[in-house]
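These protein sequence lines map, in sequence, to chains U and Z.
Note that my numbering has the first sequence beginning at 1, numbered continuously upward.
Note that my numbering has the second sequence beginning at 1, numbered continuously upward.
The reader is advised that the hints may include incorrect statements.
To be verified - Heads up, simulated BS3-like pairs for lysine-lysine below, C-alpha to C-alpha not over 27 Å straight-line:
| id | chain 1 | residue 1 | chain 2 | residue 2 |
| --- | --- | --- | --- | --- |
| 1 | U | K261 | Z | K542 |
| 2 | Z | K478 | U | K116 |
| 3 | U | K72 | Z | K164 |
| 4 | Z | K542 | Z | K478 |
Hints are computed from structural coordinates only; laboratory data are not their basis.
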Amino acid sequence: MNNGVGDVILEARNLTKEFPSGSRRRRFGPRPTFRAVDNVSLSLRLGEVVSLVGQSGSGKSTVARLLAQLYKQTSGQILLDGEEIAATSGRAFIDYCGSVQMILQDPFASLNPLHKISYILGRALKIHSPELRSAEIREHSLALLQRVNLRPADRYIDRFPHELSGGERQRISFARALAANPRILLADEPVSMLDVTIRKEMLDLLNVLRVEENLAVLYVTHDLASTWSYSDETLVMYEGSVVERGNSKDIIDAPQHEYTKRLLAAAPDPARRRTR
Amino acid sequence: MKITSLWPKSGKVRAGLIIVIFFIALALFGPLIAHYSPEATGSDVLSPPTLKHWLGTTQTGEDIFSQFVNGARLSMLVGLFVAVFSNIFAVVVGMIGGYFRGVTDAGMYIITSVFLIIPGLPLLIVLTAYIPSRGLLSIAIVIAVTSWAGTARVLRAQTLSLRKRDFVEAARATGESRWRIIFAEIIPSEVPLIASGFLFMVIGGILAEAGLSFLGLGSLTTVSWGSMLYFAESGQAFLYGAWWWFVPPGLAIAVIGAGLALINFGIDEYADPRLRTGRKLKKSDRRGTRALEGGMTSLRTSLADEPEAVGDPTIDARAALNDEYERAAAVIRPPRRLPGETILDIRHVRVDYPTAHGTVHGVRDVSLVLRRGEILGLAGESGSGKSTLTNTVARLLRAPAQVIGGEVLYSRPGQLPVDVLKFSAEELRRFRWAELSVVFQSAMNALNPVISIWGQFDDVLRVHRPSMKKSERLALAKDMLVRVGIDGDRVHSYPHELSGGMKQRVAIAIALVLNPDIIIMDEPTTALDLLVQREVIEQIMKLRDDFGFAVVFTTHDLALLLEISDSIAVMQAGRLVEYGPAEAIQTEAAHPYTRALLDSLAELGARL
């Protein structure tokens, strides 16, 4: 098992994912498919952040879901610690989830409104540490809330998601992911639904966790600019393929591919204000 | 949860509960207080209600009260049996089909559909005619078999939608098993549907049993409300005017049906924790508050006294920040001189939201000026009150929000200003869309998915331009589409056939069709990614040059406002904290909150 900073922990080789597309018009013959991810390879290293950037429909979220094994790839391999994994159910899948955790975009939709925070965190703990007794689970849950800066933790644990603000809910998502004690975090647009001042807090939290827990992080976003200070390597995706990859700062300072340049140019720029 | 909180607040639900509890008590304890056996005949024949026979007697001298309470027992037992079994069946079929999809689903779907189209009563009649023993249990089973399909279909559809929700995906990513997801995540979300299905199956079961018995197809050896009606009919109770024979069972069936239907109104309240919070409010206030709870949380924490928070570093820091923002004086700079005259003058507007936790001040004394052709950027985060303010101006505020002060003066060319807040319904109808229109955040939701683009244009045009001919309306709609950069032939498309950016541009085209003076754009690009946002913004700027309308543009993205606005207003916790020309905000932002916003943006990589 790898432990040092910079060691490759999760590797994707030539991932391709096809979804059935359109209605089944022809009764016979293969169903038409749509290639959402086309031959994508990437490596996540402990203690480092890899950004996956693209507009909606570019396939970036599908890559994250393939890495989480929520979808089965059409072809290609995923290697954890150098070993190929191929489980989307059963014990093997739970073990895989213990290493690879995912944070979804919308904190208003990703927490079941019917469950209290104590249940949401308790389940995640129970799945990955079945030996815990219920008093210990509560203690661990409180500790998790502290780690994501929801303090005092006992003010949050017995609440329902709707009683919290967007930023607080996204912190709960982080806590749920950490409950599995993972080595890899897949964050699918973790801040795009949040207010600007909270986005920064949230990315700072992600950064702290990465350093303190030596996590490998995949940061999926449509905002190329935000990768500058928060990530090490950036992959730009367009229509399912990676069109540019490299050091995050280099890509923003000197984009090579036409699409990357367009993405950068699309960002709001006060300098463009027309003088009237 | 305290026991007292189980007692519903809604009068309808209370009435329903009282009715049902009354009948359950009658079924349980009634036979204990009835003096006669329901089948015992006697010498008092067709006696009207007396002290001896509380509900009179039948043609053969049986005591109707005894029959009635025994009948309550059996009728309700049949209803309960039918509901339990057909509901279990419906849940299993709906849930498994909806969650696992594939061949299982296809098979179950076909079976469900077959049962759905079979007419229930004739099948019941045929089945009961052929079953060997016509006991109550067989009757109940036959009723159960014919009544599950509808609920199964509803649950399947709901499961199909739920399995794609984020929280189900999050549970999978956590490592939850399929069965656990079905039982702990999906089924609890469907409790309102299952419960209301259950209630209606109880009613259906009681009615079906009564119907069958009345037709003489039920179990006539046992006493139920249905068989009482059958014997009343065959004993010619009508002819003898023996109303006491058929009124009690008939009325009981109607009343218990009504009672169960009334309880149905309260199911959501028990099943969904979100609906339990606003309970302390009066019923009329509740709806608006729910919608508010989410968006206002941050505002509430900043305003309400929260003594428990003392001593906590994070919350202290946040409270200290809010205090600092609160103490800092609002920075209002004289607006830049623009060529246009004032078109909208918002003066000292205050809006309150009464909630269960006290009054939240949504907008606190905000004054702004909009000139002809100006783009006014309204910046603020969730809970800042920016949408409350724009909704006040467009008169779209819903209860419990209350405008408690201020005026919104709108100036038509060459006329004296009028107060929008005092418009009558008729004045408002002329004002909205023709003079002020609104583009909402997600055009995906603001456009009606089942009406074509042309239909949505037509809705507006027929109301506001009744003299226009159809060909003129169609030409105008096409022209508007072309102006927002969409091929005119797409006018007959439906919203789902367009991309997100195109839908937002269609929403803008519809807002522009009557050539209004003012367009309020409420976060029109927040749901779009950067490339599409760029596309939409460029379109808006071009149209503004062509048409010369004024825009109120709200967003939390201050960088975007710095690019497009003439002046910018920054709102925080309902207050206007900074207001002035865009250049001034960019170069000399003075309020600490504005500076915090700009700093956050800079750290997130925005060009400033």
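Hint-by-hint comparison with the structure:
1. Among the hinted pairs, K261/U with K542/Z is consistent with the structure: their alpha-carbon atoms are about 23 Å apart, no more than 27 Å.
2. For a cut-off of 27 Å, the pair hint linking K478/Z to K116/U is broken: about 51 Å separates their Cα positions.
3. Between K72/U and K164/Z the CA atoms are separated by roughly 16 Å; this keeps the pair inside 27 Å, and the hint holds.
4. Between the alpha carbons of K542/Z and K478/Z the distance comes to roughly 18 Å, so the proposed pair stays at or under 27 Å and holds.
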